Amino acid sequence: MVKSYFPKTYRQALEILAKSNPAIIAGGTDLMVKKRRWSGLSPGFSEDMIFISQLRELDYIRRENGKIYIGANVTLEKLLHDKDIPEILKKAVASMASPGVRHTATLAGNIANASPAGDTLPVLYILNARIVIGSLERENVIQIEDFILGPGSIDLRRSEIIKEIIIDDTDFDFMMYEKVGGRKSDAISKVSFAAAVSSVFDMVTDMRIAIGAVAPTVVRIREFELQLIDTPVNEMAQISGLVKDLYKPLIKPISDQRSTADYRKMCVLNFIEEFLNKAGKRIGKEKDIDW
Amino acid sequence: MSGISKSIPKQDTAEKTSGEALYIGDIKVDGMLHAKTLRSTKTRALIKEIKLPDLPEGYHIVDYRDIPGENYVKIIFEDMPVFAEKTVNYYGEPILLVIGSDKQQILKLIDAIEVIYEPLEPRYKYTKSVVHYEYEKGNTDTAFANAVRTINGEYKTGYQEHIYLEPQGVISLYDENKITILGSMQCPYYIKNAVMQVLNADEDGVRVQQATTGGAFGGKEEFPSLIACQAAVASAKLKKPVSLIYDRMEDIETTTKRHPSLIKFTAAIGPDFTVDGIRAHVSLDSGAYIGLSGVVLQRAMIAASGVYTIKNLSVSGDVYETNSVPNGAFRGFGAPQMFFAVEMFMEHIAKELKYSPLEFKLNYLAKTGDATSTGGQFRNPIIMRDMVHKAWEISDYRRKTTEFSQLGVYKGIGMSLFLHGCGFTGSGEQKHIKAVVRLRKNKDDTVTILASSTDMGQGAATTLRKIAAGILELSVEQIIYNKPDTDHVPDSGPTVASRTIMIVGGLIARAAVDLKEKWKPGEEIIVEQRYKQPEFIKWDEDKLRGDAYPAYSWGVVVSEVEVNPVTWTVELKGLWSVYDIGIAIDERIVIGQIEGGLLQGISYGMMEVMECKEGIIQQRNVTDYIIPTAADSINMHTVLMDNSYPLGPYGAKGAGELPLVGGAPAVAMAIENAIGKKVTRIPVTPEYIMELMKNG
Chain A
1 MVKSYFPKTY
11 RQALEILAKS
21 NPAIIAGGTD
31 LMVKKRRWSG
41 LSPGFSEDMI
51 FISQLRELDY
61 IRRENGKIYI
71 GANVTLEKLL
81 HDKDIPEILK
91 KAVASMASPG
101 VRHTATLAGN
111 IANASPAGDT
121 LPVLYILNAR
131 IVIGSLEREN
141 VIQIEDFILG
151 PGSIDLRRSE
161 IIKEIIIDDT
171 DFDFMMYEKV
181 GGRKSDAISK
191 VSFAAAVSSV
201 FDMVTDMRIA
211 IGAVAPTVVR
221 IREFELQLID
231 TPVNEMAQIS
241 GLVKDLYKPL
251 IKPISDQRST
261 ADYRKMCVLN
271 FIEEFLNKAG
281 KRIGKEKDID
291 W
Chain B
1 MSGISKSIPK
11 QDTAEKTSGE
21 ALYIGDIKVD
31 GMLHAKTLRS
41 TKTRALIKEI
51 KLPDLPEGYH
61 IVDYRDIPGE
71 NYVKIIFEDM
81 PVFAEKTVNY
91 YGEPILLVIG
101 SDKQQILKLI
111 DAIEVIYEPL
121 EPRYKYTKSV
131 VHYEYEKGNT
141 DTAFANAVRT
151 INGEYKTGYQ
161 EHIYLEPQGV
171 ISLYDENKIT
181 ILGSMQCPYY
191 IKNAVMQVLN
201 ADEDGVRVQQ
211 ATTGGAFGGK
221 EEFPSLIACQ
231 AAVASAKLKK
241 PVSLIYDRME
251 DIETTTKRHP
261 SLIKFTAAIG
271 PDFTVDGIRA
281 HVSLDSGAYI
291 GLSGVVLQRA
301 MIAASGVYTI
311 KNLSVSGDVY
321 ETNSVPNGAF
331 RGFGAPQMFF
341 AVEMFMEHIA
351 KELKYSPLEF
361 KLNYLAKTGD
371 ATSTGGQFRN
381 PIIMRDMVHK
391 AWEISDYRRK
401 TTEFSQLGVY
411 KGIGMSLFLH
421 GCGFTGSGEQ
431 KHIKAVVRLR
441 KNKDDTVTIL
451 ASSTDMGQGA
461 ATTLRKIAAG
471 ILELSVEQII
481 YNKPDTDHVP
491 DSGPTVASRT
501 IMIVGGLIAR
511 AAVDLKEKWK
521 PGEEIIVEQR
531 YKQPEFIKWD
541 EDKLRGDAYP
551 AYSWGVVVSE
561 VEVNPVTWTV
571 ELKGLWSVYD
581 IGIAIDERIV
591 IGQIEGGLLQ
601 GISYGMMEVM
611 ECKEGIIQQR
621 NVTDYIIPTA
631 ADSINMHTVL
641 MDNSYPLGPY
651 GAKGAGELPL
661 VGGAPAVAMA
671 IENAIGKKVT
681 RIPVTPEYIM
691 ELMKNG
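Heads up: the protein sequence lines correspond to chains A and B, in order.
All residue numbers for the first sequence refer to the numbering used here, where the first residue is 1 and numbers rise by one.
All residue numbers for the second sequence refer to the numbering used here, where the first residue is 1 and numbers rise by one.
Quick caveat, the hints were computed from the structure, so don't treat them as lab data.
Computed from a predicted structure; not experimentally measured.
Where a beta carbon is used, it is the ideal one built from N, C-alpha and C, also for glycine.
Each hint should be verified, as a subset may be incorrect.
[To be verified] Computed list of lysine-lysine pairs in DSS-like fashion (alpha-carbon distance at most 25 Å, straight line): (1) K34(A) <-> K390(B); (2) K573(B) <-> K252(A); (3) K103(B) <-> K35(A); (4) K265(A) <-> K678(B); (5) K311(B) <-> K538(B); (6) K573(B) <-> K184(A); (7) K411(B) <-> K184(A); (8) K184(A) <-> K91(A); (9) K390(B) <-> K411(B); (10) K265(A) <-> K613(B); (11) K108(B) <-> K3(A); (12) K35(A) <-> K108(B); (13) K248(A) <-> K694(B); (14) K34(A) <-> K103(B).
[Stated by the list, open to error] Facing chain A, from chain B, some residues (calculated, C-beta under 8 Å): (15) D79; (16) Q105; (17) L107; (18) D247; (19) V566; (20) M607; (21) Q619; (22) I626; (23) P628; (24) T629; (25) D632; (26) N635; (27) P686.
[To be verified] Which stretches of chain A does chain B cover? Using the computed rule of at least three CB atoms under 8 Å from a CB of chain B, they are: (28) 31–43; (29) 184–197; (30) 256–265; (31) 270–276.
Please construct the entire structure, taking both the sequences and the accompanying hints into account.
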């Protein structure tokens, strides 16, 4: 017999997790679909479940000291309407699912689902998202790329829970997010792409690129990004060939029922080029106005 | 706009918005058992043995051995078994039902059944022709002999899945003397006849009642007969009510779809650079059983010259059997495949000969009195020239064509010209359907329509009442239309082929005239009308010669797109369309049919990907099989041009299928013009566009 827990407080949730090791369900928009059965039968959960969407303690967005803290119960819809959430994350969220799903699905759930095609993931990767993991014994913080291990696989023990997500509150000079889906809404992405750049005195000081749905986990390669620092802004367009060559071997998409490997690869390489072209032009322009 | 066209509230709006409408899944009957289908996991194999688990009390297996009558679903070709016997011919073919009261237990039993197969070599290609037709108009050989050159074209179309809102489902009720089928359906009498055959029952032994039907698009024409037969056999054996209702994935994987096609053309170009003759061949993939495929093929073949008058025409076609899920009826019924192909071919000929495609097409546009492709005649006025001009005007077509022709703009506009033959092909109405309609004047001076036409959301319950009310000079509220029940209504034919308003509505109109003459307040009076084929219609079923349809509805669609050169995704920027459907019986209902149909046609042309790999459908849910959402749609501009058809009620012709037919060619052409590459297959996905930009 499967047991369901409805804790009233976060503390209670941790106690239940420590004792009974149930699986966690928040918005349920992934789990309920995965576990659905013949209409008329309840979903096929084979383990005890703990429901957490009633925990208001985990429903907060705070902006402090150059960081943004997002509680595990914050829905996608709430992110869309919060003044502290970066536009690039809002863009990714707005492209997700349908209004109904966005009102119950959570950002933490999108991370825990660990789909290679998770729409918020590339953005979270470039915003250096850290996952705060709570348990009765301790709280620890882990980088998103260390937390997501593979498709559907995360570094979370049965006694632990995602408590909050911390992202950088950085003011980039230029950011880009693109999702390619089979339609404009309610689509699983064929490819997703997030990138951001900052510069000082026309030299790149920070450049980040993350690519979704082309490998088992989101592709973000910090050592490539470091190589691009100190590129003159007006030369960004010219280096796009080199940058594409850097990333090419790591873009290993598959062909499936949603798209082809060739197409996914083409999109990614085109996005890299577009990002560098646009960033170069945009930053240059703004400088014109500033000076 | 005629008075009849003025919109009134749809009959079903209130019950659907309040949630009162009972769909098949909402109907609960005392003692009802649930049935689940055990399906083939092989695409083609012999069944060597079926190992069954011990069945707990109250759980049952029903298979072909329980069929009292013949193990065939009565469609046109009686080749599809109700349950597989010795062989399975496609992945997912039904073998038996497991029936009981607890769904979880049923699933356990299904999992415990082991079927031992001996695999046979499956067939997935166009190699085994099971239906062949051909016809000739004029003398194509001479046209080719005198040609200065020939131009070829080869066009491919993919599957299309209906994705009606409500999946397939029936409930079979048991009574000592009668099996009653409740279900989501288009054609109560198709089901009745099919169930009578499997049960070996007479007319009185089977009753069919339509439940509220959540969309159909042709998908509930013949398929419900299969599950109705299965549920009826189970119910007759167990003497209990049995429900057989599909979930979405089961529905997508195992129900009929639009036939994939391959269409080849060769045009003979004469010394004056005119198209003097066309040879065409149509290949349709029927899947594992023929079903309606031969009739679908006929409609595709008859449309081979599109809206054009081609003097010499030679058309042949084959239905090929493959070991995949059977294909069947889908809004348009062969015409969407052919209109994509023929519209693109005419466009490609024009481009090849360096003509302006539109002027070129207008030169061949059929005129009133011209011979049709099959040597019949377009008797009623054709107003396509005016319609094309209207479409030009509202879409700003000429300016955009010039503006978009510059390189690197990635914007395109395309126009499709199309028609749809209204009603059954050939003498189907006269020979096979023989529709009957009755009107019963009740003592309280209300009038009940007795017809087997179903409302599946398209509005027949409203429009048919309007027709009767208008002629009888009663209010629409005084006309009663109930969901068809074969114990109470005569067989007025299936709700298919854009025939309901024109044919059944026509019979209702005539019955109403009759009733008006006989009207006596306070008395019950019943009047009846039977279909009579117009005298002038002559049709040779074997040679496909003569008047294939009594009337034609016409349309023009202009589609504007912008293609993203980074991802090759296509954005719809504009949709304008103009139609001649005679007279609209209710403008809002017609516009609803048009907007829905057009979007379904557009997405057939650019979005809806379904692949069958080694006999297995790859896109099995609505996440992977992409149909447009509201966000993908745009505001559509629709113009109806009145062109009264003398034999239709209030001058109405068919409208249900027409709008789908023009969508794919219009959007494919717009994309072709935007990217400057020749498009020869649909759907035109970003993946296909990438391929074209790379290679072609």
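Status of the hints after comparison with the structure:
Our distance criterion of 25 Å between C-alpha atoms is broken by K34(A) and K390(B), whose separation comes to about 50 Å. For a cut-off of 25 Å, the pair hint linking K573(B) to K252(A) is broken: about 34 Å separates their Cα positions. Annotation: proposed proximity of K103(B) to K35(A) holds, straight-line Cα distance about 15 Å (limit 25 Å). Note on K265(A) and K678(B): the hinted pairing holds, with a Cα-Cα distance of about 24 Å set against a maximum of 25 Å.
Only pairs whose Cα atoms come within 25 Å are accepted, and K311(B) paired with K538(B) is accepted, the gap being roughly 20 Å. Distance hint between K573(B) and K184(A) is fulfilled; the C-alpha atoms sit about 14 Å from each other, no more than 25 Å. At roughly 19 Å between alpha-carbon atoms, K411(B) and K184(A) fall within 25 Å of each other, so this suggested pair holds. A C-alpha spacing of about 13 Å is found between K184(A) and K91(A), which places the hinted pair at or below 25 Å, so the restraint holds.
Restraint check for K390(B) and K411(B): satisfied, since their Cα atoms lie roughly 22 Å apart, inside the 25 Å limit. Distance restraint check for K265(A) and K613(B): the Cα-Cα separation of roughly 23 Å lies within the 25 Å cut-off, and the hinted pair is therefore satisfied. The hinted pair formed by K108(B) and K3(A) meets the criterion: a straight-line CA distance of about 22 Å does not exceed 25 Å. With a C-alpha separation of about 16 Å, the suggested pairing of K35(A) with K108(B) holds against the 25 Å cut-off.
Restraint check for K248(A) and K694(B): satisfied, since their Cα atoms lie roughly 18 Å apart, inside the 25 Å limit. In summary, the hint linking K34(A) to K103(B) is supported, as the alpha carbons are separated by about 18 Å, within the 25 Å threshold. With a least beta-carbon distance of about 30 Å to chain A, the hint placing D79(B) at the interface is violated under the 8 Å criterion. Interface hint at Q105(B): violated, since its Cβ lies 11 Å from the closest Cβ of chain A, which is beyond the 8 Å cut-off.
The closest approach between the C-beta of L107(B) and any C-beta of chain A is roughly 6 Å, which is under the 8 Å cut-off, so the hint is satisfied. The restraint placing D247(B) at the interface with chain A holds, with a minimum CB-CB distance near 6 Å, inside the 8 Å limit. Taking 8 Å as the C-beta cut-off, the interface hint given for V566(B) holds, the closest approach to chain A being about 5 Å. For M607(B), the interface hint holds, since its Cβ comes within 8 Å of a Cβ in chain A; the closest pair sits about 7 Å apart.
Restraint check, Q619(B) versus chain A: the minimum CB separation of about 5 Å is within 8 Å; hint holds. Because the smallest distance between the Cβ of I626(B) and any Cβ of chain A comes to about 4 Å, under 8 Å, the interface hint for this residue holds. For P628(B), the suggested interface contact is upheld, since its CB lies about 6 Å from the closest CB of chain A, less than 8 Å. The beta carbon of T629(B) is positioned within 8 Å of a beta carbon in chain A (closest approach about 4 Å), and the interface hint is therefore held.
Interface restraint check for D632(B): the shortest CB-CB distance to chain A comes to about 5 Å, inside 8 Å, so the restraint holds. For the restraint placing N635(B) at the interface with chain A, the shortest Cβ-Cβ distance is roughly 15 Å, beyond the 8 Å limit, so the hint is violated. At its closest, the beta carbon of P686(B) sits 7 Å from a beta carbon of chain A; the interface hint therefore holds under the 8 Å criterion. Given as covered by chain B, the segment 31–43 of chain A passes the check, having 5 residues with a CB less than 8 Å from a CB of that chain where 3 are the minimum.
With a cut-off of 8 Å between beta carbons, the segment 184–197 of chain A has 5 residues touching chain B; three or more are needed, and the interface restraint holds. Coverage of the segment 256–265 of chain A by chain B holds in this model, with 6 residues showing a Cβ closer than 8 Å to a Cβ of that chain against a need of three. Residues of the segment 270–276 of chain A with a Cβ under 8 Å from some Cβ of chain B number 3, which satisfies the need for three, so the listed coverage holds.
Of the hints listed earlier, those the structure fails to meet are numbers 1, 2, 15, 16 and 26, in rising order.
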